[in-house]
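Which chain is which? The protein sequence lines are A and B, in order.
Counted from 1, the first sequence has number 61 at position 61 by our numbering; the numbering is strictly sequential.
So the number in our numbering is just where the residue sits in the second sequence, counting from 1, plus 314.
These aren't lab readings, by the way, just hints derived from the structure by calculation.
This structure is a prediction, so every number in the text was calculated from the model and none was measured.
Using N, Cα and C, we set each Cβ at its ideal position, and we do this for glycine too.
Check the hints yourself; a few may be wrong.
Straight line, CA to CA, 30 angstroms or less: simulated DSSO-like cross-link-like pairs of lysine-lysine [claimed, not checked]:
| # | chain 1 | residue 1 | chain 2 | residue 2 |
| --- | --- | --- | --- | --- |
| 1 | B | Lys329 | A | Lys20 |
| 2 | B | Lys329 | B | Lys456 |
| 3 | A | Lys68 | A | Lys226 |
| 4 | B | Lys451 | B | Lys541 |
| 5 | A | Lys242 | B | Lys541 |
| 6 | A | Lys117 | B | Lys451 |
| 7 | A | Lys226 | A | Lys118 |
| 8 | A | Lys20 | A | Lys117 |
| 9 | B | Lys451 | A | Lys242 |
| 10 | A | Lys84 | A | Lys68 |
| 11 | A | Lys306 | B | Lys456 |
| 12 | A | Lys226 | B | Lys541 |
| 13 | B | Lys541 | A | Lys118 |
| 14 | B | Lys329 | A | Lys57 |
Pair by pair, the computed Cβ-Cβ distance ranges are [claimed, not checked]:
| # | chain 1 | residue 1 | chain 2 | residue 2 | range |
| --- | --- | --- | --- | --- | --- |
| 15 | B | Pro484 | A | Asn255 | 31 to 37 angstroms |
| 16 | B | Ile401 | A | Phe72 | 39 to 45 angstroms |
| 17 | B | Lys371 | A | Ile295 | 31 to 37 angstroms |
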Amino acid sequence: MGSLTRLKHTGGNIVRELIKNKILFLMLLPVILYFVIFNYAVMPGAYVAFVDYNLNKGIFGSNFIGMKNFEFLIQNGDLWNITKNTLLYNLVFLVLGNVIQIVFAIMLSEISGKWFKKVSQSVILLPNFISMVIVGVFAYNIFNFNSGFINTMFASAGLDRYEFYSDPGIWKYIIVAFKIWAGTGYGMIVYLATITGINHDLYEAAYMDGATTWQRIRYMTLPILKPTFILLLLFGMGGILKGSFDLFYNLIGTNSVLYPQTDIIDTYVFRSLVGQFNFSMGAAVGFYQSLFGLILVLVVNFIVRKVEPDSALF
Amino acid sequence: MENTTKQDSGSILIKGISYVCITVFALICVFPFALMISSSFMNEQEIVREGYKLLPKEFSFKAYEMLLSNSTQLVNAYQVTIFITVIGTVLGLFMMSMAGFVLNRKDFKYRNFFSFLIYFTTLFSGGLIPTYILMVKHLHLKDSLFAMILPAVVGAWSIFLMRNFMKAIPDSLYESATIDGAGDFHIYWRIFVPLAVPSLATIGLFSALGFWNEWYNGMLYMDTPAKYPLQYFLQRMVNQTNLGNLINSGAVINTADLPTQSIKMATAVLATGPIILLYPFVQRYFVTGLTIGAVKG
């Protein structure tokens, strides 16, 4: 009885609130509708991972087969290979990427030439603006067998041409290089903003006390950047199963020779969709990725809250 | 005295290393662009014989002539990209700024609930395949230009960025407007939008760039080649071994002369072009936008 009146009471509150702030609700409505349709309505569709999908019967009409899709993925080794690749690539992107961004941010902050600073900053940020399709063109331009820049150099030096597009091993390095190439500008500016935010008097004081440039970087700048670095790293961990589909697809495309070393979860799911080789299996991988991602974010947030309560996301 | 000289040589060394490293990395950043541009002006025979080069022996405009004389598809692709960029950015900014405004209103009771509703979508998603089924089977967006606009029109982080920006606008401003009898939408449109221009510009630029570079949803959902966005058009061209469908079947072309390699690069140049031209103007906003974002965390 008590809970019923309370329920009625809250119901009344919502209605009263709706009437009072109807314009505000209306203004928020488009965005809420957007998320309900494009995000929440999609979530039950993850059920397709547990059925044997039949195009005519639809998701909920298809036969329920439980964990069979997952079992098959584990048995044929696909799940292990793409998980391992996704994790390792993202770990390298995250750690190496951030370290290089920090190094460049520090170097840029040490330079005094204003004009040089401006120009180099713009140039290094440039790769961040172009589509990954263009990056794919660049890769083709540089590594292709017949007319690629490197093979042109090899040929003119009297060396044999190298078939990059049939050597899976080398693409690990090419992918990492392009990722770092594309991401350094953005990260560098984020770190540079933190360095510029450091009180200049602190540096002055250190200088008066006879600190060398190296000592100043070692004992002042780096410790100040450390929390940002750790935080970015921790939050990056949450998304560690989400791949850079753009980059991988445009560099590798449908060249299956390279898959053992370059296939990630996102490219695998994509192929299951366009190739129709197994719709439900692709959905199973996608579901596993989302669920794993959610758990990782929760764990990481828990750790952040313990270490630095102010920086936790929720 | 000895200390100061040591200090100077150390700092000079670090400065020197910094200059060298930054210069080298900056060169690596422009190199592919330079190679792409110079290759687009190369003579086809030279490419076939010797490969892409930074300094071609002779300049040829043949690839561009070919592209422009068979330009229907390219023009279509430009139109599609411009359409989705303009509609997507304007629609997105309007929706996101209204949401940011409402979620920042302290007298709006359910703002935390709605904020979490939006935030949760960044944590968990249904995945690509259920999304595809929704778009195609339920929303019937296959081969519709809106399939390239809608999935990217709103971003959770951009809404929060917008909300944070509006936090900086003093509450007293809208309180006095309310006393003057202005409605909520009026307050948003007349007071908050003009004040939020820097944040609208930054988020708008990010969003416009995203639409300009769109190819993925084009690849997933577009069937009619006339509806391909620029970047997907480019991608198809690069992956194509013969450019048959680009060339009018009626035209008499000696296939040996056909600039297949340089034409790919010329298309890439044309797809990148507007960004390279806008870059110096746009870049400044991005840097300040990024810095604001970084400081606000």
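Do the hints match the structure? See the list:
no., hint, verdict
1, B:Lys329 / A:Lys20, "violated, 62 angstroms"
2, B:Lys329 / B:Lys456, "violated, 56 angstroms"
3, A:Lys68 / A:Lys226, "violated, 45 angstroms"
4, B:Lys451 / B:Lys541, "holds, 20 angstroms"
5, A:Lys242 / B:Lys541, "holds, 29 angstroms"
6, A:Lys117 / B:Lys451, "violated, 52 angstroms"
7, A:Lys226 / A:Lys118, "holds, 26 angstroms"
8, A:Lys20 / A:Lys117, "violated, 54 angstroms"
9, B:Lys451 / A:Lys242, "holds, 26 angstroms"
10, A:Lys84 / A:Lys68, "holds, 21 angstroms"
11, A:Lys306 / B:Lys456, "violated, 47 angstroms"
12, A:Lys226 / B:Lys541, "violated, 48 angstroms"
13, B:Lys541 / A:Lys118, "violated, 39 angstroms"
14, B:Lys329 / A:Lys57, "violated, 67 angstroms"
15, B:Pro484 / A:Asn255: 31 to 37 angstroms, "violated, 57 angstroms"
16, B:Ile401 / A:Phe72: 39 to 45 angstroms, "holds, 43 angstroms"
17, B:Lys371 / A:Ile295: 31 to 37 angstroms, "violated, 59 angstroms"
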